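With the sequences and hints as input, model every part of the structure.
Here the protein sequences line up with chains A and B, keeping their order. According to numbering that gives the first Met the number 0, the first sequence is numbered sequentially starting from 0. According to numbering that gives the first Met the number 0, the second sequence is numbered sequentially starting from 0.
Because the hints were derived from the structure by calculation, they are not lab data. Being a predicted model, the structure only gives us computed values, none of them experimental. Glycine is no exception: its CB is placed at the ideal position from the N, C-alpha and C atoms. Just so you know, nobody snuck in bad clues.
List time: in silico SDA-like cross-link candidates among lysine to any residue, alpha-carbon distance up to 20 Å: (1) B/315 - A/163; (2) A/8 - A/18; (3) B/315 - A/166; (4) B/138 - B/341.
Not everything, but these chain B residues come out facing chain A in the computed CB check (under 7 Å): (5) 68; (6) 69; (7) 97; (8) 240; (9) 259; (10) 262; (11) 264; (12) 266; (13) 267; (14) 269; (15) 270; (16) 288; (17) 289; (18) 292.
Now the stretches of chain A that chain B is said to cover, found in silico as 3 or more residues with beta-carbon under 8 Å: (19) 38-47; (20) 146-153; (21) 237-251; (22) 290-298.
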Amino acid sequence: MNTNQLSWKELGRRSGGALMIPCAFAVILLTLCAVNGRAMIANQTSFYNFVVYTAIVMVTTMALSINLNSGRFDFSLGAMAILSSVVSAKITFALLGGGAGSAPCMLLFNVIVGALLGLLSGTLYVVLRIPPIITSLGVTLIFEGITYTITGGRYVMQEVQNASMSGFIGTWVYAFLIIVAVLALTVLIFDHTKFGYDYKALREGQKVAVNTGVREVPNALGCYAICGALMGVVGFLNTARNTNINGGNLNFGSISIMFTAFLPMFIGSYIGRYVNEKLGFLLAALCMSMLNSTFAVFSNELNASTQSIINAVLLVLFLIYLSNEGALRRFLRPVRKNASTEVRA
Amino acid sequence: MMKKSMKKLFALLLASALILSVFAGCSGKSTENSADPANSPAGGNEEQSQAPAPANEKPIKIGVLVADVSGEEALGFRNYYENYIAKNYNVELLYTEQLTDAAGERSAIERFAAQGCQAIISFSSSDRAMQVETCAQNKLFYAVASGMLDDEQYETYKTNEWFVGQVGPSMETEFEAGYAMGKYFADKGAKTIAMYGAFIPNPMHVYRAAGVIAGMGATYGGASDMGAIVGQIFGDQGVDPSKVSGGSVELVSYFQGYGETTTDELNAAIQAQPDAFLSVGMATTFFTQQLNTAGIEFSDIDSFTSGNQAAMTDGKLVYLAGKYSSSIGPIFAAVVDAVNGNPIRGEGGTAISVSQSYLVATDTASFDKYYSADQGDSPIYNKELLDTMIGDSVTYADFQAFVEADRS
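As structure tokens, then:
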């Protein structure tokens, strides 16, 4: 009985902790919209955009976190997404000429090519054994250079502008299915397989894990391949959403794709203290999508650069909070104690 | 030992790949049709097309500055130069990659000079004054295609012997094109519009946007005349929707440029559910599919290409102010004259400055009429016509009449 009560209390604590930030986002942003006589999601189109954007942010965040949580900073994620999209778009167009089935075909190739690119990136890291941050810089340049060579620096448009692609983005259903599938697969792989247990063991203590027989190299390669496959999905979603691929990204121009995932990754990791981290990334992506929808509502008042500044300020504020969380608790604890003492008195 | 060698080999391969990728980034198509290795640019970042030259005659070598490598209009222009001009004249055309700033323009001109180019035709407008000066320093003839210097710049450089001239819509023409577009939708009964400002502060786009606002019957910051609106837009570096007032049409959404946030901005514009989406350039390149899907009527200032024809026939493009792809033919003829020692000069030795106006299509029939008149192998400005402007007896008046003649 007592155990059950504790369990319900724990459940409540966890739910509260997990939903605290998304609810705060929702309350603040909905109030902001309402005060100005507007709606955050005003019509069907804005709802579709909301779901698609949530999918893009969630999958990018997962891809970023997989390696970053293991101390491997990967700059090449954006370049992977773009290159996999360019290659897949060319192959798909060659096969189907923009006809029926182009979208699922391109998605499939995106995942395959993305995984191969991720594997290549991981192989270079494993073989060269130089810091991943350096390797990934080189890999980014290589992938961007290959993309530029394929496209001649032009936008890839003809290959991705067709009824199948617009149909994919013209509803919330497909993006929602992608969210569910990616969430289920990542939870399965990282929480319910030997690969996932090894990944966690290596993340918590590499030396100890290796000494206990965990094979580090295959696990790292697997992580890179999964990241690549996820970025393939991101590349596909971005292509469908933008109806083109920018083939002219050079000199780390692709890195911005990765940076959109930083704030949700920190928020998601925070939420991950209360629930499964992957679910945390979804909730964080929902927060970012609410913010994005609010920006859309106020697009005439807030231009693109102002929106970027707001995003950056939010990231910095959240990092300041995370860095000073302990101090904040210590600061607040006496106040709480005093308050409870006063109540008792 | 073996493992160590493999590591070294991988390191070497990675280093090679890195170097190659850097060079690949600077290159477009290979310059395989260049017989002389010296013709290959240092960074390898030009593409070229050349007609077979007569045995004992050296081709005229022209560098083309390009700011847009993807747009419908830009591709149409390029197609005309590469697939018609280069095949019909003894000329070698070298192209830059996409130029995004003045520094890129300068280095491209200097590289063209090093490659032995005799003239530059510019489609890039980051800093045209600098382009004229750099060409003069490098003894290259310079011409502006499909655009113009602003009046002050033209006054400064019009007697420069290396400045061949400019043929394209004047800034007043750009304003008028925007005005006609804004008025079209106001007259049509549109109550709300979204607007895409393309690449403001590019002067061409500034003037067009100012025209749209005036055409809607609105004022900008209280001003309704061209000069005052244009001045404010330059000052704001964009259109501030809160300064647009009056008239019967409301501007419900505005955005400009193309980058990471563009799709979000376009989505915001679509979510505002405007009666029409007015663009002062490049919308047909970037947004056709989304606007067709959203069912929002849109307009643009571009050119008569197959892509735009499809957008008008099967999509929601309802208004297009455009140019013929071969409208850049006359300036080519003027450049050839200058290189051959027969420059066309106006009174007092001034450079050519002739304005071209836009043609407007509001339905498939009018679009097809303009489009079919200017096809790949039979452009409006064909060899027969252009040849009348190449020679030592062509006067400024002849050239002006040639450009201004109605060929629709």
